[in-house]
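Novice: With the hints as a guide, bring both chains together as one complex.
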Amino acid sequence: MKNECTTEARDGLHLVKVAGEVDLSWSQSIRKAVLDALGRAPAVGVDLSAVTYIDSSGIAALVEGFQSARGKGQKFALVAASPQVRAVLQLARLDRVFPMVDTAEAVTS
Amino acid sequence: MSARPLLRLELPAQPASLKPLRDAVCAALSRAGVAPDLRDRLKLAIDEAAANVIRHAYADCPAGTFRIEVRAARGSLRFALRDHAPAVDPARVRPRDLSECRPGGLGINFIDETMDYWRLRPLRRGGNLLVMRKRIRGGTHGGTE
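For the record, the sequence lines run as chains A and B. By this note's numbering, the letter at position 78 of the first sequence is numbered 78, and the numbering carries on one by one without gaps. By this note's numbering, the letter at position 71 of the second sequence is numbered 71, and the numbering carries on one by one without gaps.
Calculated directly from the structure, the hints in this document are not laboratory data. Don't take each hint at face value.
Okay, derived cross-link-like pairs now, DSSO-like style, lysine-lysine, Cα gap no bigger than 30 Å in a straight line [stated by the list, open to error]: (1) K17(A) x K32(A); (2) K2(A) x K75(A); (3) K32(A) x K72(A); (4) K17(A) x K19(B); (5) K72(A) x K17(A); (6) K32(A) x K75(A); (7) K32(A) x K19(B); (8) K2(A) x K17(A); (9) K19(B) x K2(A).
Chain B extracted, bound-state conformation (with noise of 0.2 Å):
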């Protein structure tokens, strides 16, 4: 793992913290060598993560914040999305049929289809931990082959 994290910022869980997070994702991704394709659909994965903390994990409660930080290490990517708020069921945030065309629901769907791995927890001390990873051919500038 690369000793400094490529991004690591922190927003109030609010609709209008999307298009920063993206602006911040994207430069980050552009400064690691990402090819323009897959940083867009890395961006687009990390912002569907960050709406459904906004929209579902806050929802019962008082918006609070989420971090997002992003590192590159071997050859791949590890995004790790960080709230403060109750307990997500991880059993209940499953990928869906997209056969079936109706609204809402894709953004699973959009991360699944992107990343190699993800994994969301609830963790001990509160809030809920979502860690992504993807495979980067030929590697980054701020990682290690």
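Only chain A is shown next, with the shape it has when bound in the complex (with noise of 0.2 Å):
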């Protein structure tokens, strides 16, 4: 799977969907893409469905936008997260931390 970074914007929502692996080389640009979204919408999905590795280093860009979006009072979860997302998330003890839901739609309701 190639590793991509897009962002959608729906109504008063921004959907960064991540796919691939993400490590050390390409992080910055997933950290830069889920700030740049909190800058421009009210709500922030990360779509994590198509990850099919994370590092520590992309654990980090979620928090960085996680804490950023509470600092804020914007609203930011993960959607769909996969079960490779799931595990090191629950590795690092941040599964209850993160707002998870299963769709774009659940992030604003």
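Specialist: This is the structure in structure tokens:
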């Protein structure tokens, strides 16, 4: 699977869709996409359904987004996180910290 | 200790090496009969160890290389990660408190949570050596119980 990070603007929500293996070689792009989305929309979802691998630098990008959103009172959630992502969040004991939802629509509800 | 390593690979210490490193570790562990869940955890730990070499050990000097060696023996896997970077102070490489929610610094926790043993030490002849061990229930195809 190709590594890819794209952002979709929806009604009141920006959805950052990540695919592939997230590691140190491009996790900064994801960090930037998440922070840019938070600068443009009141609610941001990060779709992780197509992520087959994530390391601590990828998790750090998500934590930074979560903290930035919380500081500004914005909505932020991880959408349809793959089993691989869930396993690493559990290892980092962050699985109960991040808001996790199954669909993009649920980010704003 | 088995005579031949399951894997021996030297790569440039740059982020683009992490994918080929993971693929090689994954293939070697699969050949050794390591179960997929554990294999994925070990792959993450090795990736984090190499990422630390790239980001921190070579931070203040031109990037060199690192070498990973994986061996199976007596129901354990032994991972040795060697670099040629300036000496790292092992006292500064410790897991952090996971109850703090902050970005960064999780890599050592992933290694610590996954491995049964790990030790980082600078070598007299230069560089650093990180040795990690993991007991494997039921052994591996490459080692002896």
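Novice: Give a verdict on every hint.
Specialist: Here is how each hint holds up against the structure:
no., hint, result
1, K17(A) x K32(A), "13 Å, holds"
2, K2(A) x K75(A), "28 Å, holds"
3, K32(A) x K72(A), "17 Å, holds"
4, K17(A) x K19(B), "21 Å, holds"
5, K72(A) x K17(A), "22 Å, holds"
6, K32(A) x K75(A), "17 Å, holds"
7, K32(A) x K19(B), "21 Å, holds"
8, K2(A) x K17(A), "13 Å, holds"
9, K19(B) x K2(A), "12 Å, holds"
Figure legend: structure checked against the earlier numbered hints; every hint is met.
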